[in-house]
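Chain Y is fixed; fit chain B onto it per the hints.
2 protein chains.
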Amino acid sequence: MKISRRGLLRDGGVFLVGATVGGLSLSLPSNSVQASAGKQDVIEVPWPYKKLNPEAVAENAYHGYYKGACCYGSFNSIIEELRKEIGAPYAMIPTSMMIFGEGGIAGISSTCGALNGAAAAIFLITGNIEKEKRKVAFSIIRELFHWYEQTPMPYYRPPKPKYEIIKSISHSTLCHASVSNWCKTAKLKAFSKERSERCGWLTGSVAKYTVELLNANAEGNFKAIHKLSKDVESCRSCHDEGSALENTRGMMDCGGCHFRAPSQHPKT
Amino acid sequence: MKISRRGLLRDGGVFLVGATVGGLSLSLPSNSVQASAGKQDVIEVPWPYKKLNPEAVAENAYHGYYKGACCYGSFNSIIEELRKEIGAPYAMIPTSMMIFGEGGIAGISSTCGALNGAAAAIFLITGNIEKEKRKVAFSIIRELFHWYEQTPMPYYRPPKPKYEIIKSISHSTLCHASVSNWCKTAKLKAFSKERSERCGWLTGSVAKYTVELLNANAEGNFKAIHKLSKDVESCRSCHDEGSALENTRGMMDCGGCHFRAPSQHPKT
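So the sequence lines, in the order shown, correspond to chains Y and B. Under the working numbering, the first residue of the first sequence carries the number 3, and numbering increases by one thereafter. Under the working numbering, the first residue of the second sequence carries the number 3, and numbering increases by one thereafter.
Only chain Y is shown next, with the shape it has when bound in the complex:
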């Protein structure tokens, strides 16, 4: 049996060959084999996608949280389902790398790890290295982040939870602020087992909504629903791109850390 280098690359290398062929013998001419050492072998974004079951991915993410924390949980849940549905090139990617995002990156509590992992998966599936073509992926990621800030969470309840979890609105995409808001609502501590369970549900929630967005995009039906609030747009009108001050940038809920209403603005 002979397999061309083009076919080998198109199908994601030896992994798909392994998936479909029993006894195998590969013969490649020397020049094409040598070429396979370089960067040209990387299968760049976007990777193929097949619609997934949001509930199944959410449940995988919930269990993944207890294995490799929030960022791994959301990322791995999507990749693992795509390994089953598509195979290569998803078989190649080390999802364990994404453990780095645990607790807002190594416990530093900056960006929520579930969001960070989901954003990576969204770009892998819908992104593009060409600047103009990044817009679709960025729109989906922004919708996910705005939804997270504005929605009572968790949005997913596992069938067999360790505890029941009360909902809260984070008003922030940052780990520590999201945790603090939940602690205040639930009257529970930041390092309690219940808070950990809450972040497991949250990881499932983010994975579930991400798959809903990816499915809608695959159908050609993706539309951003969650917008920045009027207050945030008011801030941006003086401080963001093209404004008089233009001294910052961002699409986070300013009021989550600063002040909520324009009437509370320091005197100018």
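None of these hints come from the bench; they were simulated from the model. Watch out, some of these pointers could steer you wrong.
[Said to hold, decoys possible] To be clear about the criterion: a stretch of chain Y counts as covered by chain B if any three or more of its residues have a C-beta under 8 Å from a C-beta of chain B, and this derived list gives those stretches:
1) 50-62
2) 103-111
3) 119-129
4) 138-144
5) 153-161
6) 171-177
7) 219-230
Computed from a prediction, not measured in an experiment: that's the story for all the values here. For every residue, glycine included, the Cβ atom is placed at its ideal position computed from N, Cα and C.
Frame of chain Y; chain B shown alone:
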């Protein structure tokens, strides 16, 4: 020529074979080939490392910033050098996925993308899925984040810059806060070409320091130098793990967003 499945996996699959062999014929027994379709083919963290030249990586990161922005720039610069030095498994990873972190993730301006990408690379190289063994990677990532918050930046100047860039201290690992502090110091706008160049230098800076940390770790000489400030530890003593309130978590510079001195604390 016959190559065992174990050897194929150990060396990262067809890529290393391609790197070293001219004319090639692979023969694998059917059971081992079929097995290669599953998750067992993923080469999990930690991946092999060979000491790199921090200046070369920084320059690659600076140019990478203009190609795929900050998160891609820092991540790709390290991976691309390791592709040259080690080859597989680095040939397999789609660094373009990391474009997702651009401008604090899709322009949302949460965590600085250069840090986000570097943290992923650090975990890929020094991390572990086992909880106890994550500590080394997390210590290196925390050192990087604390250094970024406390150090006058940029720390790297490309040999042929588009503009000269004034230094500022970010007091934050968040994109928008880091940008705002620089805008204030440099008296330049957030969407100016100079600010963009500054983020290119910053991407180089983060990549450079990351490689210095990875090299030290490879020599067995890694030591965290940058600590949380006394003010932050004062905040954490009432609000973080094991404290009376325990209503948040984090290792960010609290004063970057909240108030700086304990004397400014709201009345309790």
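Verification of the supplied hints:
With a cut-off of 8 Å between beta carbons, the stretch 50-62 of chain Y has 0 residues touching chain B; three or more are needed, and the interface restraint is violated. Interface restraint, the stretch 103-111 of chain Y with chain B: holds (9 residues with C-beta to C-beta distance below 8 Å; minimum three). Judged by the Cβ-Cβ criterion of 8 Å, the stretch 119-129 of chain Y is covered by chain B as claimed, because 6 of its residues qualify and three suffice. For the stretch 138-144 of chain Y, the stated coverage by chain B is satisfied: 4 residues place a CB nearer than 8 Å to a CB of that chain, which reaches the threshold of 3.
Figure legend: the stretch 153-161 of chain Y, annotated as covered by chain B; annotation inconsistent (0 residues with Cβ-Cβ distances under 8 Å, at least 3 required). With 3 residues carrying a beta carbon less than 8 Å from a beta carbon of chain B, the stretch 171-177 of chain Y meets the three-residue requirement, and the given coverage holds. For the stretch 219-230 of chain Y, the assignment as covered by chain B is violated, since 0 residues bring a beta-carbon within under 8 Å of that chain's beta-carbons and 3 are needed.
Hints 1, 5, 7 from the list above are not met by this structure, while the remaining hints are.
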